[in-house]
Structure formats: C-alpha cells, structure tokens
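Enquirer: The lines below spell out each chain.
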Amino acid sequence: MNPSKFFHIKRKVTSVIMMSLSLVATLIALVPLVFIFYYTISKGISYLNIDFFIAMPKPVGETGGGMANAIAGTLLLIGIGGVIGIPVGVMTGTYLSEFGNNKFGSVVRFLTDVLSGVPSIVVGVVAYTLVVIPMKHFSALAGGIALGILMIPTITRTTEEMIKLVPHSLREAGLALGIPKWKTTILIVLKTAWKGIATGILLGLSRAAGETAPLLFTALGNRFWSTKVGQPIASLSVYIYDYAKAPFEDWNQQAWTAALVLMLMISILSLTFRIVTRSKYKTK
Amino acid sequence: MQANTKQTEHKRNIFLKKIFGSQNFGDLIFERLTLLFAVFVFLLVILMGYEMYIGSKISIEKFGWSFLTNSVWDPVQEIYGALPIIYGTVVSSFLALILSVPLSIGIAIFLSELSPGWLEKPLSFLVELLAGIPSVVYGLWGIFVLVPWIRNDVEPFLSERLGFLPFFRGAPYGFGMLAAVLILSIMVLPIVASISRDILKSVPQSQREAALALGATRWQSTKIVLKDARSGIFGATMLGLGRAVGETMAVTMVIGNRALISPSLFDPAYTMASVIANEFSEATSDMYLSALIQLALVLFVITIFINAFAKLLVWSMERKLGTR
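If you read the sequences in order, they're chains F and Z. Quick note on my numbering: the first sequence kicks off at 1 and runs consecutively. Quick note on my numbering: the second sequence kicks off at 1001 and runs consecutively.
Worth flagging that the hints you see were computed from the coordinates, not collected in a lab. Keep in mind that a hint or two might mislead.
With a Cα cut of at most 30 angstroms, we get these calculated DSS-like pairs of lysine-lysine [claimed, not checked]: (1) Z:1311 <-> F:195; (2) Z:1227 <-> F:195; (3) F:164 <-> F:181; (4) F:12 <-> Z:1201; (5) Z:1121 <-> F:164; (6) Z:1320 <-> F:164; (7) F:195 <-> F:103; (8) Z:1121 <-> Z:1006; (9) F:181 <-> F:103; (10) F:136 <-> Z:1057; (11) Z:1201 <-> Z:1057.
Ranges between beta-carbon positions, derived for each pair [claimed, not checked]: (12) F:227 <-> Z:1102: 27 to 37 angstroms; (13) Z:1029 <-> F:194: 34 to 44 angstroms; (14) F:23 <-> Z:1284: 31 to 41 angstroms; (15) F:179 <-> Z:1318: 32 to 42 angstroms; (16) F:16 <-> Z:1318: 27 to 37 angstroms; (17) Z:1318 <-> F:168: 14 to 24 angstroms; (18) Z:1046 <-> F:12: 26 to 36 angstroms; (19) Z:1046 <-> F:195: 51 to 61 angstroms; (20) Z:1213 <-> F:17: 53 to 63 angstroms.
Not everything, but these chain Z residues come out facing chain F in the computed CB check (under 7 angstroms) [to be verified]: (21) 1026; (22) 1107; (23) 1134; (24) 1280; (25) 1298; (26) 1299; (27) 1300; (28) 1302; (29) 1304; (30) 1311; (31) 1312.
Backbone N, C-alpha and C define an ideal beta-carbon position, used for all residues, glycine too.
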C-alpha cells in the first residue's frame, strides 16, 4: 500500500478512536449519576409519606416516625446562614464590581476564591471556636454562622458577575440625569441585575442545605422539636449521616428517604435557579 | 421660605464637601458601606486562621513540627502524630485524581470539541448535577451500594488477579482506601470536567480552524487546543485536588477510619477531614481538642495554597488567551 495513504488512514483511525474515547468518558461519568439517583429514589420513596414531614422521630427501637424537626431545622439553619451570607455577599459583590478596581479589590476577590476552596469542615471548626466555646454549648446559631460563611463566596462572585453584565449605558443614563452614583447603583444597576443576584443567592442556599460536616459539632442535632436559635437543632443532612451509620434497618431506610427529601429541596432551589437564569440570558 | 431651605441645603453641602472632599455625601456613605462588607470578608479569612491558631496553641507548643511527622495517633495516651492521617489524605486524593482527571479531560473534550449544540447543554447539566449532590448522600450511597459491591466483587477480583502486588492484599472489608478513592474520584470529576470544558472553549476557534484547514484530523486539532489549554487544565486539576483533600462526609462514611499507613488499598485509612468529623464531638480533653483544631489549621493552610496556586494558573491562562 502507498505509505502516504497508510499514514492518512492511520491518522483518521486514531482520530476516531480518541474522539470515541471522549464519548466513552462522558458515558462513564453518567453511570454513578444514574446509580445514585436510582437508589435514592427507589429506596427513599418507600418511606415517603405525610408522616415523614409532620411526625417526630421515634425513640430507638421503635419503627416509623418522621423527621419534621429535621426539615424545620434545615430551613432554620439556612435561614440563619442567609441572614449572614446574603447581605455580606451582595454588598461585597457590589463593592468589587463598583469600586473594586484597585489593589484591595483584587485581594478581596482572591480571598473569596480562597474561601470558596476552604473545606466546609474547617469552617465548622472555626464556628466551633468562635461561637460554641464562648456560649459553652452547641447551638443552631453556630451552625447557621458556619453555613453563612460558606455562602459568602458563591453570593459574592455571582453578584459581581451579574452586575458586570449590566450595560454601561444604563449607568451612564442614570448619571447623565444627575442621579447620584449610589442611587444609580441601587435603583438601576442592582435592580437590573437583581434576577441574576437572586439566582446566586438560591445557589448559595441550596449548597448550604446539603452541608453536613460544618453542622456536626455546631448545630449538633436534636431528637426533639426545637426552633430555638440558642439550642442544638436537628438537620436533614446530619440525620442522614447518623441514620446511615446506625445498625437499625429501619433507620437506614429513613436515611434514604431523608436523602430523597434533601435532594428534592435542593432541586427545587436550583431549578428555580436555572429557570431564572435562562430568562436572564434570553433578555441579554 | 423655599429659598431659605435651599440656601441652608447649599450651606450644608459646602460644609460636607469641606469635610469629605468633593464627593457626593450619599456616594461616600454607599462606598464606605460596601467597603465595610468587603473588609469584613477580608478580616474573616484572617480571623479563621487566627482562631484556629489560638485554638491549637497548646498542641502546637507541645508537639511542634513532630505533629506532622509522628506516626502515632493515640488519644488515650494523649500522643498526637498526624503522619498516617496526612498519608491517608495525600494517597486518597492523588489516586482519586489519577482516576478522574483523564475521564474529566475526556468529558471536556467531548463537550467542547465534539458534541453537537443540542447535546452539549443537557450533558453539561447532568455533569453539574453530579456536583450538586450533597456529600452526605454520596456517603449514604457509598455505604449501601458501593462498599458492598467493592467487598463482594471488586476486591476478590483484584486480589485474585493482581494479588502479587502489595496494593491489593488483605481481607476484603469493603470499607477502606479503595472505596474512598472511588467515591472521591466521582466527586472530583464534575469540578475538573466543567472547568476544563470552560477552558477548552475559551481557546479561540481560529486555532481549530487553522489546524483543520491544514488537513488535520479532529484529534490533531484537539491536541493543539489541549496544548494551548494545558496550564488551565492543570489549574482545574488543582481545584479538584483542593476539593478531594477537604472532602469530608462521603470519605468518613466509607474509608474505615483507622490511622494506619498501609500500602494495601483494601485496608482502612483516615483523612484529616474525616478525623475531625469523626472525633471532634468526642474530644474530651483540651489537648485532644487542640490537636484536632491543629489538624483543621493544617488542612486550611494546605487548601489555601492549593486553591491559590490553581487560581493563579487559571488566571494566567485566561489572561494569555485575552478573554479577561
């Protein structure tokens, strides 16, 4: 065979093989995804009933019961986290995009990136030394603060990016009318970017809802109903951890249901995120 | 009357200008207010390091650098050496990267070079979905699905075929280094894949067109794109490493939790994050607590370095390509 022809075929074959391998890699990555969803749904659905949402956990040894306290606890914890994370994130993002074109801005931008890479368990340890040790007991407040710290980088970055998407002409129009810069920023820029910022907030909240590690020794857990900020509080994610390790089959079952409920909560939050961003990009 | 208020307002403005310079008063307040929050974030990161340093002081004073090199972790005797824990962290993270980085690059190539537009969006969404699953759910799945599978199928198979290697010896518990590596590689994959995809996509289209116009095949043009993107992909890998090093719940639930240095992947191990998760709430003595906080401090410093390095790589890549 003609050597140049051989080379040609070899090139073609290599190309097809390598490109097929990239397809195979993609398919392999989807296998665990399918498995995790399949098991969570099929194992979790058997316990999924009204009781799970409104009943309290049963004492050790009894089967049945629900996780009403954990669902309320998770909501309260991400609420406390939001009270801290949302204002800090939005204001810092605003600073970075409006006034942050200087050295300090770059430093803060860099630190938010660093903060987003800090393991959540480390943030839990910090919340422990900051809140639990002075208060001398575990509390929802400590857990909420840990979650709030974890939300800051996500919300800051999205706010900054979203504000940057606002066309400069809008800002100039405001300033040309003699509106002071701060009013222009709040009434025009932030209002235009609001949808994008809201999606960043939802993303931050949904990630916080799934966090377990920073809650283990801050919010701790609670087998009873509690909405007190100063007391230990239950959360879905810590329940999953405890019930997964427990030697009771009934509890293991409930762990799957808790996982399903947690994933549903997160999906609802991030679905809102996707829908809102989609309409955002369409108008862009 | 009207004129009067205007006059006082004018006077006030002049007064404020004298104090605050020529800026509008509201602007100044607004800027300072947002600055305050930015300073808060700045101080927060420093405070985190400081708090952990103070919290671990008695352990640092007692053990010093031997904390990192001593291989005995014995809370009963109050001896804390983190070497086996650091070993477990390093080995589990690196092996996870070895498994997941080639796959991630494959996915990134498929998404950016090959897949048609209608397929790319849903596939990217699925990969991102993988990143959105909470760590504890991975752990739950690990305990009840992955570990039994490893115990019954993977480990017997490996020890039968490759048992002559020291890596695949010992009793097949299921819980151990192998399970942790597998679950970590699944968790790291979406991060490395999605960042690598963004980086490949940021390579100018003209590079591909030039290669194709010279008669290059798809793979040859992809190789050129990969060469342009290599520092960015390395940065993505480092970000994945940062995630793997700090991953807590899923690892804690499947790694077996024993401070042990063993070449065998079947044996249980321990990582820094899982030690903290597992032992923090039962740390009874001050020294024990302090040693655990010191471990958190070490983890904090390591992840800061990894992330800073990764960020610099991705930045330099973006700057080189002029997308920033």
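Enquirer: The structure should be examined with respect to each hint, and the outcome stated for every one.
Expert: Tested hints:
1. Proposed proximity of residue 1311 of chain Z and residue 195 of chain F is supported: the alpha carbons are some 27 angstroms apart, at most 30 angstroms.
2. In summary, the hint linking residue 1227 of chain Z to residue 195 of chain F is not supported, as the alpha carbons are separated by about 38 angstroms, beyond the 30 angstroms threshold.
3. A threshold of 30 angstroms between alpha carbons decides the hint, and for residue 164 of chain F with residue 181 of chain F the separation of about 16 angstroms falls inside it, so the pair holds.
4. Using a Cα cut-off of 30 angstroms, the hinted pair residue 12 of chain F and residue 1201 of chain Z holds, with the two alpha carbons roughly 23 angstroms apart.
5. Note on residue 1121 of chain Z and residue 164 of chain F: the hinted pairing holds, with a Cα-Cα distance of about 24 angstroms set against a maximum of 30 angstroms.
6. Note on residue 1320 of chain Z and residue 164 of chain F: the hinted pairing holds, with a Cα-Cα distance of about 21 angstroms set against a maximum of 30 angstroms.
7. Among the hinted pairs, residue 195 of chain F with residue 103 of chain F is consistent with the structure: their alpha-carbon atoms are about 29 angstroms apart, no more than 30 angstroms.
8. As the CA atoms of residue 1121 of chain Z and residue 1006 of chain Z are separated by approximately 59 angstroms, the hinted pair breaks the 30 angstroms bound.
9. A C-alpha spacing of about 22 angstroms is found between residue 181 of chain F and residue 103 of chain F, which places the hinted pair at or below 30 angstroms, so the restraint holds.
10. With a C-alpha separation of about 19 angstroms, the suggested pairing of residue 136 of chain F with residue 1057 of chain Z holds against the 30 angstroms cut-off.
11. For a cut-off of 30 angstroms, the pair hint linking residue 1201 of chain Z to residue 1057 of chain Z is broken: about 47 angstroms separates their Cα positions.
12. In this structure the hint that residue 227 of chain F and residue 1102 of chain Z lie 27 to 37 angstroms apart at CB is violated, the actual value being about 49 angstroms.
13. Between residue 1029 of chain Z and residue 194 of chain F, the C-beta spacing of about 22 angstroms breaks the proposed range 34 to 44 angstroms.
14. Checking the proposed 31 to 41 angstroms range against residue 23 of chain F and residue 1284 of chain Z shows it is violated: the Cβ atoms sit about 54 angstroms from each other.
15. Taking the beta carbon of each, residue 179 of chain F and residue 1318 of chain Z are about 34 angstroms apart, inside 32 to 42 angstroms as hinted.
16. For residue 16 of chain F and residue 1318 of chain Z, the Cβ-Cβ distance of about 32 angstroms falls inside the hinted range of 27 to 37 angstroms, so the restraint holds.
17. In this structure the hint that residue 1318 of chain Z and residue 168 of chain F lie 14 to 24 angstroms apart at CB holds, the actual value being about 21 angstroms.
18. Separated by about 57 angstroms at the C-beta atoms, residue 1046 of chain Z and residue 12 of chain F break the suggested range of 26 to 36 angstroms.
19. Taking 51 to 61 angstroms as the suggested C-beta distance range, the pair residue 1046 of chain Z and residue 195 of chain F does not conform, at roughly 34 angstroms.
20. The supplied range of 53 to 63 angstroms is broken by residue 1213 of chain Z and residue 17 of chain F, whose beta-carbon atoms lie about 23 angstroms from each other.
21. A cut of 7 angstroms between beta carbons decides the hint on residue 1026 of chain Z: the least distance to chain F is about 5 angstroms, and the hint holds.
22. Annotation: interface hint on residue 1107 of chain Z holds; nearest CB of chain F at approximately 5 angstroms, less than 7 angstroms.
23. With its C-beta approaching chain F no nearer than about 3 angstroms, residue 1134 of chain Z sits inside the 7 angstroms limit, and its interface hint holds.
24. Using the Cβ-Cβ criterion of 7 angstroms, the hint placing residue 1280 of chain Z at the interface with chain F is satisfied: the shortest such distance is roughly 5 angstroms.
25. A distance limit of 7 angstroms between C-beta atoms decides the matter here; for residue 1298 of chain Z the minimum to chain F is near 10 angstroms, and the interface restraint is violated.
26. The beta carbon of residue 1299 of chain Z is positioned within 7 angstroms of a beta carbon in chain F (closest approach about 6 angstroms), and the interface hint is therefore held.
27. The interface hint given for residue 1300 of chain Z is met, as the beta carbon of that residue sits about 5 angstroms from the closest beta carbon of chain F, less than 7 angstroms.
28. Annotation: interface hint on residue 1302 of chain Z violated; nearest CB of chain F at approximately 9 angstroms, more than 7 angstroms.
29. Below 7 angstroms, beta-carbon pairs count as interface contacts, and residue 1304 of chain Z has one with chain F at about 5 angstroms; its hint therefore holds.
30. The beta carbon of residue 1311 of chain Z comes within 5 angstroms of a beta carbon in chain F, closer than 7 angstroms, and the hint placing it at the interface holds.
31. For residue 1312 of chain Z, the shortest C-beta to C-beta distance to chain F is roughly 9 angstroms, which exceeds 7 angstroms, and the interface hint is violated.
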